[in-house]
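Asks: All chains, please: the whole structure from these sequences, using the hints.
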Amino acid sequence: MIERFEDVIIQTLCRFLVPFMQIYALYVIAHGHSSPGGGFQGGCILAASFVLLVIAFDLKEAKRRMTEKLNTIFTSLGVFIYAGTGWVCLILGGNFLDYSKLSKILPVDSVHARYHGMLYIEIGVGIGVMACMISIFLNLVTRGRHEEALEDKDLWNT
Amino acid sequence: MKFLSLIIALVTGALLIYGAQDFPNWADPNSPPSIWVSNRYIEKAFEETAVPNLVTAVLADYRGYDTLFETVVIFAAGVSVVMLLRRPRKE
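Going line by line, the protein sequences match chains A and B. Numbered per the working numbering, the first sequence spans residues 1 to 158. Numbered per the working numbering, the second sequence spans residues 1 to 91.
Please keep in mind that the hints were generated in silico from the structure rather than gathered at the bench. Even for Gly, the Cβ is constructed at its ideal location relative to N, Cα and C. Some clues are possibly wrong.
Said to hold, decoys possible - Where chain B lies over chain A, by a calculated footprint (3+ residues, C-beta under 8 Å):
{"no.": "1", "stretch": "31 to 37"}
{"no.": "2", "stretch": "85 to 97"}
{"no.": "3", "stretch": "110 to 117"}
{"no.": "4", "stretch": "121 to 130"}
{"no.": "5", "stretch": "136 to 145"}
Replies: Next up, the structure:
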């Protein structure tokens, strides 16, 4: 079994680093239009900040910040936002994912409506990718046995 | 059995290399990807979508349907990992 490892330098550094990583991830998502980046990359950076928390602290600290229920909701919410944007365009009289029809409900012209539609789907992709990466990571490192990992049991012999 | 696997791998590789002969040359200006939709994207993307980053314009707008199902693939991967690995403790 892996010994619990607590180091005040690593923990303090990670506590400093995580907010900056998350700000950077939000920047990558929001500026996917005008610079390299987008939902996939930003979502992965968000998930990486969470993985850093699990490595520097422990699973209990990480699950206090992102419960499993919330994570499952986020997983579905990402795809829902993306597909929902497409459905809104369909309801407003265009084709599926034809963002220019969003100008009917947004105070912009049809060209800038496509700009805004892309921002919404990038946000959806970012949320979905973040939640998927977190759930894949947590289930792989604990072999799917979160409760036993929270109690420091030997995961490899249960 | 191992010998048979080697034969299958070699034959498949040879077929792939034979098929790759039909590809256009690297950066050939007359190849179909260069003369078909690429030019229209490069010329019209900014005035049609107001997005300076051409990659995002193609990924999220012109090829939005493709990106939707890329997201669904990642969603399916996350859900299948939970379904296969997660063992909630029985009370």
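Asks: What hint numbers does the structure not satisfy?
Replies: none
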